[in-house]
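Engineer: Using the sequences and the hints given, assemble the complete structure.
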Amino acid sequence: MPRYQHIARQLKTAIEQGELAPGTRLPSSRTWAQELGVSRATVENAYGELVAQGWLERRGQAGTFVSNALRFETAPPIPAVFAGESPEPKPFQMGLPALDLFPREKWAASNGRRLRTQTRFDLALGDVCGEAILRPGDSRLPAGFA
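Each residue of the sequence shown is one higher than the one before, starting from 18 at the first, in the working numbering.
It is worth saying that the hints were derived from the structure and are not from the lab.
Treat the hints with care, as some may be off.
What the hints assert, rightly or not - Listed next, with one range per pair, are the computed distances between beta-carbon atoms:
(1) Glu52 - Gly77: 17 to 25 Å
(2) Gln22 - Glu148: 53 to 61 Å
(3) His23 - Arg133: 14 to 22 Å
(4) Ala79 - Gln51: 17 to 25 Å
(5) Ser127 - Arg26: 50 to 58 Å
(6) Gln70 - Gln110: 53 to 61 Å
(7) Gln34 - Pro153: 49 to 57 Å
(8) Lys107 - Arg131: 31 to 39 Å
(9) Pro94 - Gln34: 16 to 24 Å
(10) Ala31 - Asp117: 38 to 46 Å
(11) Pro93 - Ala149: 51 to 59 Å
(12) Pro39 - Asp117: 54 to 62 Å
(13) Gly143 - Gly112: 30 to 38 Å
(14) Leu53 - Arg137: 45 to 53 Å
No residue lacks a Cβ here, since even glycine has one placed at the ideal position from N, Cα and C.
Structural biologist: Structure below.
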């Protein structure tokens, strides 16, 4: 791919992603060519291609600008799924246990104790073949489990 097309694609991507807003003045081709280490003709070709496609517009001596005609359609905001709904569960809701009877303090203490005593080996992946005791043919399994 020629360099001018690569430069044009990068500019177009920057415009599409909102990094260059409509009306933004671009550097002169001479300045940008020096910064990029390419010939001025390469930058002129990139600008020319994007002008032809409608992404850029030239305003004589004022320079090259991102086209004001570009207006990207944005999708309407999606309302939150649970907006307006109460976080409180309804009484006798199917599939929901009695949350007020769950021993939260004991659960938190147990989890905290386990996390404090955790070693670096607890975070490692286990054997890819599974636990040795659960493998077929293991003599440590009771009869009927193999």
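Engineer: Now tell me if each hint is right for this structure.
Structural biologist: Checked hints:
no.	hint	verdict
1	Glu52 - Gly77: 17 to 25 Å	holds (23 Å)
2	Gln22 - Glu148: 53 to 61 Å	holds (57 Å)
3	His23 - Arg133: 14 to 22 Å	violated (54 Å)
4	Ala79 - Gln51: 17 to 25 Å	holds (20 Å)
5	Ser127 - Arg26: 50 to 58 Å	holds (56 Å)
6	Gln70 - Gln110: 53 to 61 Å	holds (57 Å)
7	Gln34 - Pro153: 49 to 57 Å	holds (55 Å)
8	Lys107 - Arg131: 31 to 39 Å	holds (33 Å)
9	Pro94 - Gln34: 16 to 24 Å	holds (19 Å)
10	Ala31 - Asp117: 38 to 46 Å	violated (55 Å)
11	Pro93 - Ala149: 51 to 59 Å	holds (56 Å)
12	Pro39 - Asp117: 54 to 62 Å	holds (56 Å)
13	Gly143 - Gly112: 30 to 38 Å	holds (32 Å)
14	Leu53 - Arg137: 45 to 53 Å	holds (48 Å)
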